[in-house]
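Chemist: Using the sequences plus the hints, can you model the full thing?
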Amino acid sequence: TSMKIKLLISFQGVDSHMYRRKTTKIFFDKYQIILGGQQQSCQDFISTGDGAGVTGGKWSCNHPTGKPYYFSDDRNDFDTVRAECQALPPFNGRPFDVVVIETKEELDFIVNNPKYTDMDRYIGLTAETLSNPAVPSDFKWINGAPLTLDIFFDDLPSFSDSVPRCVELDRSPIKLQPQSCGFNENVICEV
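Residues 1 to 191, numbered by our numbering, are exactly what the sequence shown covers, in order.
Hints may contain errors.
Pairs of lysine-lysine residues, derived as DSS-like cross-links and limited to a Cα-Cα distance of at most 25 angstroms, are as follows [what the hints assert, rightly or not]:
1) K67 <-> K115
2) K67 <-> K175
3) K175 <-> K115
4) K58 <-> K115
5) K104 <-> K58
6) K104 <-> K115
7) K67 <-> K140
8) K140 <-> K104
9) K175 <-> K140
10) K175 <-> K58
11) K104 <-> K67
12) K104 <-> K175
Just so you know, the hints here were simulated from the structure itself, not pulled from any lab data.
Modeler: Right, here's the structure in full:
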């Protein structure tokens, strides 16, 4: 979730005939500084804002968090679909990337989402190298965080190699499936 901090900055300024103290409020969001104005709601972004013009996928709003998610219909290798996520128009100044699933609630929102129309989609979980045999701790989120959710890995490779591995989320049943990052698959994007 986005945490906001209010910072009050005061400065002296001149106002026509007399001196008076002026005050400006600045709000720091996790990824941006907002100087006045209002943030766009997720629903407005996907229906009438910058997200409305995007084709080739389906938008969905996570109403408790207010975050938009993009379920791409294009099947490509991991680097290509990640670039497609990053090319989406920013939401309130925050860029999109491949989804990093941080909570059980977010996982439930994704796998139960009616926009998630096929079985497997890339998520932002990767491994540069694998142990022999591979273990779940070999995989890290694209933001560098370790995997902390308790999700079943299906078919962890029983060999060690230098081929980077990406992970698909299968929603029925919920499991993680390691693949070569060159495999063509759909993706889930988020801010």
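Chemist: A separate judgement is required for each hint: does it hold in the structure or not?
Modeler: Hint-by-hint comparison with the structure:
no.	hint	verdict
1	K67 <-> K115	holds, 15 angstroms
2	K67 <-> K175	holds, 23 angstroms
3	K175 <-> K115	holds, 18 angstroms
4	K58 <-> K115	holds, 6 angstroms
5	K104 <-> K58	holds, 22 angstroms
6	K104 <-> K115	holds, 18 angstroms
7	K67 <-> K140	holds, 22 angstroms
8	K140 <-> K104	holds, 17 angstroms
9	K175 <-> K140	holds, 16 angstroms
10	K175 <-> K58	holds, 22 angstroms
11	K104 <-> K67	holds, 16 angstroms
12	K104 <-> K175	holds, 13 angstroms
Checked against the numbered hints given earlier, the structure satisfies every one of them.
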